[in-house]
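Protein chains in written order, with the working numbering: chain A, 1 to 82; chain B, 1 to 482.
Quick caveat, the hints were computed from the structure, so don't treat them as lab data. Incorrect hints may appear among the rest.
[To be verified] Below, a sample of chain B positions facing chain A; criterion: calculated Cβ distance under 10 Å: (1) Pro-346; (2) Ala-347; (3) His-370.
[Claimed, not checked] Far from chain A, by Cβ distances over 12 Å, these chain B residues were calculated: (4) Ala-38; (5) Arg-46; (6) Arg-53; (7) Ala-73; (8) Leu-138; (9) Ala-142; (10) Ser-178; (11) Gln-323; (12) Val-401; (13) Val-414; (14) Arg-421; (15) Ala-424; (16) Arg-460; (17) Thr-481.
All C-beta atoms in this analysis are idealised placements derived from N, C-alpha and C, irrespective of residue type, glycine included.
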Amino acid sequence: MAGALSLALPGVAPAATPKSAHVCASRVVLVESPGGAVTGIVHHGDLLFVLNGRAHAQWWRVATTFGTRGWLRQRNLCARDK
Amino acid sequence: MSTEPLRTPRRLPVRMTDTELLAALRAGDPSAFPELCARHEPALRRFARSILRAKPAVVDDVVQESLMRAHRALRRDDRHIEVRPYLFRLVRNCCLDEIARSRTDSVALHLLHPGDEPASTESVHTLLERRDRLTTTLADVADLPETQRHALLRREIDGLTHEQVAAELGVSPGASRSLVLRARDTLTRAAAARSADCEDVRADLLRAHDVHHRASVAALRHVASCSACRAFRTALKHDRRSLRVLAPPSLLLGGALLGGKAVGLLGGASKPAGIKAAAVVTTAVLAAGGAYEMKTQVFGPGERAPISAAGVALPGGRLSAGQPLPAHTALVTKRVRLPRSGPVPPATLACPTGMRVAGLVPEAGDGRSHGFDARTIIGASSIAGVQFASRGPDAGETVDVAILCRQPDPTGSVRAVPATRHGAPLVHACRQRAALSRSARGAVLGTVTSRQPLAVLGSRHGWLRVQTDAGRTGWVRVGATC
Numbered sequence: 001m002a003g004a005l006s007l008a009l010p011g012v013a014p015a016a017t018p019k020s021a022h023v024c025a026s027r028v029v030l031v032e033s034p035g036g037a038v039t040g041i042v043h044h045g046d047l048l049f050v051l052n053g054r055a056h057a058q059w060w061r062v063a064t065t066f067g068t069r070g071w072l073r074q075r076n077l078c079a080r081d082k
Numbered sequence: 001m002s003t004e005p006l007r008t009p010r011r012l013p014v015r016m017t018d019t020e021l022l023a024a025l026r027a028g029d030p031s032a033f034p035e036l037c038a039r040h041e042p043a044l045r046r047f048a049r050s051i052l053r054a055k056p057a058v059v060d061d062v063v064q065e066s067l068m069r070a071h072r073a074l075r076r077d078d079r080h081i082e083v084r085p086y087l088f089r090l091v092r093n094c095c096l097d098e099i100a101r102s103r104t105d106s107v108a109l110h111l112l113h114p115g116d117e118p119a120s121t122e123s124v125h126t127l128l129e130r131r132d133r134l135t136t137t138l139a140d141v142a143d144l145p146e147t148q149r150h151a152l153l154r155r156e157i158d159g160l161t162h163e164q165v166a167a168e169l170g171v172s173p174g175a176s177r178s179l180v181l182r183a184r185d186t187l188t189r190a191a192a193a194r195s196a197d198c199e200d201v202r203a204d205l206l207r208a209h210d211v212h213h214r215a216s217v218a219a220l221r222h223v224a225s226c227s228a229c230r231a232f233r234t235a236l237k238h239d240r241r242s243l244r245v246l247a248p249p250s251l252l253l254g255g256a257l258l259g260g261k262a263v264g265l266l267g268g269a270s271k272p273a274g275i276k277a278a279a280v281v282t283t284a285v286l287a288a289g290g291a292y293e294m295k296t297q298v299f300g301p302g303e304r305a306p307i308s309a310a311g312v313a314l315p316g317g318r319l320s321a322g323q324p325l326p327a328h329t330a331l332v333t334k335r336v337r338l339p340r341s342g343p344v345p346p347a348t349l350a351c352p353t354g355m356r357v358a359g360l361v362p363e364a365g366d367g368r369s370h371g372f373d374a375r376t377i378i379g380a381s382s383i384a385g386v387q388f389a390s391r392g393p394d395a396g397e398t399v400d401v402a403i404l405c406r407q408p409d410p411t412g413s414v415r416a417v418p419a420t421r422h423g424a425p426l427v428h429a430c431r432q433r434a435a436l437s438r439s440a441r442g443a444v445l446g447t448v449t450s451r452q453p454l455a456v457l458g459s460r461h462g463w464l465r466v467q468t469d470a471g472r473t474g475w476v477r478v479g480a481t482c
């Protein structure tokens, strides 16, 4: 993942794509692929590791701390690492 | 057993036909049978060797046994017998008896002889596969009941009419037909069981294990010929024995009674036949340092959904609680009591036979974050592993989780309304997951899974332009597709 891309997370100045982020929405579903089947559910405050996410892309691929991987909309994430 | 020698060096002076030699044998000429043996034994030995490829050491014994049986049988009465075909049938039956007597799963490599090496046009793999098929087919034939086997071989191999087979067995021609049909059916089922998907079989074993029942006949047939599934079944039994050690006898008895009652109450007659056996699974598992209880319920097509659900496997993407589940779709729920401390164990939910995991139901979960493990592949797995966050907002000790299962359509899609373009050639990912890119070598915009149908729209420089069953278009590497 390119580290030089600008950050487009809510309330955070654009800098770089974070390696990890927190869930901002109360409940967010992870899907196998955008438009695909649900693979997991995460809640507000959960820490996620970003596996694939371009700064301005709508969907990012993430991994949860308990091991589930999936895609979610970037707008549901808040930056943690800058 | 007769003590007469089977062969003597003396030959009859004039070349007699087999029928004349048989008449001489029945008339008491001691040199007639050795002459018959000398005439046919090499061919019989070759024939036996072709059947008993895995056990060449017993070929001589089997042929000798066949000839001894022939010696007794040919003198028994005066009915007309075509000697050569008769001897071959005897050898064939003795070979099958030998296979049935000591079955083995595979041909040991050290038993392969130099003469068994493949021809130049055939790879070792192809030859061994063919030999394995032959061995298993012969073993299946050998396992048939005697009358079925006789009827099938006489009808299929020797070309006898049902009237002739019936006369040999002392049954009616209708019964002969029935025997042949049953034999064919048994062989077909055995072959189907062998080629069954291991995941389906293991799901069946898991369900049977949970309710303390025998697994289905098809699953057990598969287990008999699949060492991996046999090991899985052994591990299941071992786990139960190990857990029993941790539980006081009274608690185990209580759990068993509770489980049995739940099965009786909830496995009602209204459930579809395919789902009924797996309708409710209740198991009390007691682990050191705090118990967790697991309860599984399976709701099949036509049954009312206990909770609302959303997912691509549902027409319209949503189903309200109380609505009947659509065709080819099932909802599996499980209640998991999590430990108060320490690592949270994953839960396993199995789809009904023939169905695949089609998604997690987001409405369940009781506020605890959870999701599939990496081994659970949408559309490919029949068993889902669900992992949980160690804690979370409003997280309780008991969590209800649910998954949707769906029977894949002919293209392999588990979506209710697949959007794959008709007429386009289909491929799928060779690996469990592959990246779907915006353009060749472009940004990744999604994931495709191993059974997901991908319609090929074009290709360029080692990349395929595809449309997924979700209707998304993108590019995948040619090398990543099969």
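Consistency of the hints with the structure:
{"no.": "1", "hint": "Pro-346", "verdict": "holds, 9 Å"}
{"no.": "2", "hint": "Ala-347", "verdict": "violated, 12 Å"}
{"no.": "3", "hint": "His-370", "verdict": "holds, 6 Å"}
{"no.": "4", "hint": "Ala-38", "verdict": "holds, 72 Å"}
{"no.": "5", "hint": "Arg-46", "verdict": "holds, 57 Å"}
{"no.": "6", "hint": "Arg-53", "verdict": "holds, 47 Å"}
{"no.": "7", "hint": "Ala-73", "verdict": "holds, 66 Å"}
{"no.": "8", "hint": "Leu-138", "verdict": "holds, 44 Å"}
{"no.": "9", "hint": "Ala-142", "verdict": "holds, 46 Å"}
{"no.": "10", "hint": "Ser-178", "verdict": "holds, 47 Å"}
{"no.": "11", "hint": "Gln-323", "verdict": "holds, 19 Å"}
{"no.": "12", "hint": "Val-401", "verdict": "violated, 10 Å"}
{"no.": "13", "hint": "Val-414", "verdict": "violated, 7 Å"}
{"no.": "14", "hint": "Arg-421", "verdict": "holds, 16 Å"}
{"no.": "15", "hint": "Ala-424", "verdict": "holds, 19 Å"}
{"no.": "16", "hint": "Arg-460", "verdict": "holds, 22 Å"}
{"no.": "17", "hint": "Thr-481", "verdict": "holds, 15 Å"}
Of the hints listed earlier, those the structure fails to meet are numbers 2, 12 and 13, in rising order.
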